[in-house]
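**Q** Chains as they are written, first to last, in the numbering used here: chain F, 1 to 357; chain H, 1001 to 1076; chain G, 2001 to 2246.
Bear in mind the hints are in silico, worked out from the structure with no lab data behind them.
Be a bit skeptical, because a hint or two may be false.
[Unchecked claim] A partial selection of chain F residues facing chain G, derived with a Cβ cut-off under 10 Å: (1) G22; (2) R24; (3) V48; (4) V51; (5) I53; (6) E56; (7) M64; (8) V65; (9) L66; (10) T200; (11) R208.
[Unchecked claim] Using 20 Å as the maximum straight-line C-alpha spacing, the simulated PhoX-like pairs for lysine-lysine come out as follows: (12) K2192/G <-> K2182/G; (13) K211/F <-> K230/F; (14) K2061/G <-> K1023/H; (15) K211/F <-> K2234/G; (16) K1024/H <-> K2182/G; (17) K2141/G <-> K2061/G; (18) K2141/G <-> K207/F.
[Said to hold, decoys possible] Cβ-Cβ distance ranges computed for the label pairs, FRET-style: (19) A1067/H <-> V2235/G: 37 to 43 Å; (20) I1031/H <-> V2235/G: 37 to 43 Å; (21) S1049/H <-> G2239/G: 48 to 54 Å; (22) V2235/G <-> L113/F: 36 to 42 Å.
Quick caveat, the model's predicted, so the values are computed rather than measured.
Just so you know, even glycine gets a beta-carbon here, dropped at the ideal spot from N, CA and C.
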Amino acid sequence: MMLRRILITGNEAMAEGAIRAGCRFYYGYPITPQNEVPEYMSRRMSEVGGVFIQAESELAAINMVLGSAAAGMRAMTSSSSPGISLKMEGISYLAGCQLPAVIANVQRGGPGLGGIGASQADYFQATKGGGHGDYHLIVLAPSNVQEMADLATLAFDLADRYRNPVMILADAQVGQMMEPLLWQEYAPPPDLPAKDWALTGTNGRPKRVIKSLFLAAGALEKHNILLQEKYARIREKEVRCEETSAADAQLVLVAYGCSARMAKELVRRGVKGGRIGLLRPITLWPFPEKRIRELAEAGKDFLVVEMSAGQMLEDVRLAVEGRSRVGFYGRMGGGVVTIGEMAGKAEEMLAGGKRNR
Amino acid sequence: MPRIVIDTKHCKGCRLCVTFCPKKILKMSPIISTRGITPVEVTDETMCSGCLNCVVICPDTAIEIIAGDGSEKPEA
Amino acid sequence: MIREYRRPAALEDAVTHYCPGCGHGIVHRLIAEIIDEMDLAGRTIGIAPVGCAVLAYDYFKFDVCEAPHGRTPAVATGIKRARPECLVFSYQGDGDLAAIGTAEIIHTANRGENISVIFVNNAVYGMTGGQMAPTTPDGVKTTTSPRGRDPLNEGHPIKVAELLANFERVVYSTRVSLSSPKNVREARRAIKKTFQTQLDRRGFSIVEILSPCPTYWHMAPEAALKYIDEVMAKVFPPGVFRDWEK
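Chain F on its own, in the form it takes in the complex:
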């Protein structure tokens, strides 16, 4: 595989990152702002001998992913906010059946049909459910085109390692922008568990069933305990975040995805009245709560920056647990956070604003 540096959109980088991870089954449906993904896949899949179907709906697409995943393949779908809502049933089934799969959400404004600009208002949907039942998706949040590729590849490894669906929570900005990208060499980790549960035709071996229904008394609770133990292992091992000058900041910005780009620039420029840093979660689930707690115990305040009404804000507050102040700056409905407004809020907090409830 040639290592080369190219200029590419985030959406296409994510698609190619999936192909490089060995994804050969893509099922999708057009919706702005991620149409580049199915379009790219429709060309690329036939080049690598894979399968591309533009399904009749996002609902059909997630179920096709379920089928190919059940048959032991690396399979993916992508959509944007309203289409992701349609996938929630299928996502719950993937989690309940313990099937590896990758679902990409290139977020747009909502609720309802909303708009086509970037937003980050699907955080709750991604991290707190969306689908029914006690389950978790591993949620990865790319913030630039390189991460769109690298996290797409990582998503498949994590999905296979834990037999769990993984969501790439991107947004219209990171999906649409073009940036340089350096392709890394990829080989699947040698210690990924074998798919000895996959449906392949028995060919003499005992039969296998993929299901999430457990009707016998106590069986479903037992299954849920098993899932929770898995999630505990994931929390232990798979947290990823990036810090910029957080260790000696007085005020730590917490932001992900497109907001984090602006926040990083503000940290680079600095503000009046104190030192700021940035904690950028790369995994939104598992959330870097331990690191936030450490920073809170070290006396730092926080300013959460999101393009939503404040969703990740709640997880930051939970992690801080009253130890220090947590402020919020956000824009909704496709409105873009600005460095100027962010700076103003940061300076206000550094000057000793009211303690946050």
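Dock chains H and G against chain F, hints included.
**A** The following block gives chains H and G in isolation, referenced to the frame of chain F:
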């Protein structure tokens, strides 16, 4: 001589085999099975014509026809 | 000479949860017989629906996948595209296929996915207690049509085998009935043909099977079979609506 083996574990007493036996050699047993229903029983095996109607209509695969002298046990 | 008959190897020994006289048991047995005959158990993958047959995977001795309600054809598509050398069949009831799964069945048929669809039509929602189905005949009372199905409010019953026969990539679409041993034998031939059609890679095929539901038709099993002949078969005529052989 063929044996008609009724598996009373599976038989749910739906009577469809009784309806479709052209030789009328099936009837409901007077004895209640462990399932709490009256399963079917064969009245006169020698009259069986081997039409397999009972086997074809049975929703529970509760009827097996064993050929030969009848001394082998049916497959589980 | 008396022919032998033994429980098919591809059928588990489990006692099914189906009601006495339910058509599912007959259809499961036919599928298992054919899979034995064609020596396919080692490379069959079935997809179970939501409905009375939700536990179908407990009754077959081959790989089976659960599907969310109605999505069975989409899951089957995902499986067949991943494992094209396997015999992949989706097994669905009238709610799964003709209500919530209408988009999926139509598009899977239209794409001509090389799968076999076994559609068990008993014109009522059994698992959930006897509600109206898209295939419930006009005038029939159910728990959600207590005054009888009114076409002005509920529409007429949907004729799936005819509907799907309209798509060019559907190569075999037929309707059969379980109302007598003769008809069950015909159903068996149709199921075998849909499997052979898939193995020959001809495209999408579907067998719609008129099946009894004694419990929610509120009649004894033998009366239910008569009802299929006298009522159901008039609304849903058995026949072949598309056949690659003709």
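**Q** All the hints need checking, so say for each whether the structure fits it.
**A** Outcome of the hint check:
With its C-beta approaching chain G no nearer than about 13 Å, G22/F sits outside the 10 Å limit, and its interface hint is violated. At its closest, the beta carbon of R24/F sits 9 Å from a beta carbon of chain G; the interface hint therefore holds under the 10 Å criterion. Contact between V48/F and chain G, as hinted, is not supported at the beta carbon level, the nearest pair being about 14 Å apart and thus beyond 10 Å. This hint holds: V51/F has a C-beta 5 Å from the nearest C-beta of chain G, less than the 10 Å allowed.
Hint status for I53/F: holds, given a least beta-carbon distance of 7 Å to chain G, under 10 Å. For E56/F, the interface hint holds, since its Cβ comes within 10 Å of a Cβ in chain G; the closest pair sits about 4 Å apart. The restraint placing M64/F at the interface with chain G holds, with a minimum CB-CB distance near 4 Å, inside the 10 Å limit. For V65/F, the shortest C-beta to C-beta distance to chain G is roughly 6 Å, which falls under 10 Å, so the interface hint holds.
For L66/F, the suggested interface contact is upheld, since its CB lies about 5 Å from the closest CB of chain G, less than 10 Å. Hint on T200/F holds. Least Cβ distance to chain G is approximately 6 Å, under the 10 Å limit. For R208/F, the suggested interface contact is upheld, since its CB lies about 5 Å from the closest CB of chain G, less than 10 Å. Between the alpha carbons of K2192/G and K2182/G the distance comes to roughly 16 Å, so the proposed pair stays at or under 20 Å and holds.
Only pairs whose Cα atoms come within 20 Å are accepted, and K211/F paired with K230/F is accepted, the gap being roughly 18 Å. With a CA separation close to 34 Å, the supplied pair K2061/G and K1023/H exceeds the 20 Å bound. With a C-alpha separation of about 38 Å, the suggested pair K211/F and K2234/G falls outside the 20 Å cut-off, and the hint is violated. For the hint pairing K1024/H with K2182/G, the CA-to-CA distance comes to about 17 Å; that is within 20 Å, so the pair holds.
Between K2141/G and K2061/G the CA atoms are separated by roughly 38 Å; this puts the pair beyond 20 Å, and the hint is violated. Restraint check for K2141/G and K207/F: the C-alpha separation of about 41 Å exceeds 20 Å, so the hint is violated. At roughly 42 Å, the beta carbons of A1067/H and V2235/G sit within the given window of 37 to 43 Å. Checking the proposed 37 to 43 Å range against I1031/H and V2235/G shows it holds: the Cβ atoms sit about 41 Å from each other.
Checked against the hint of 48 to 54 Å, the C-beta distance between S1049/H and G2239/G comes to roughly 31 Å, which is inconsistent with it. Distance hint check for V2235/G and L113/F: the Cβ-Cβ separation is about 40 Å, which falls inside the suggested range of 36 to 42 Å.
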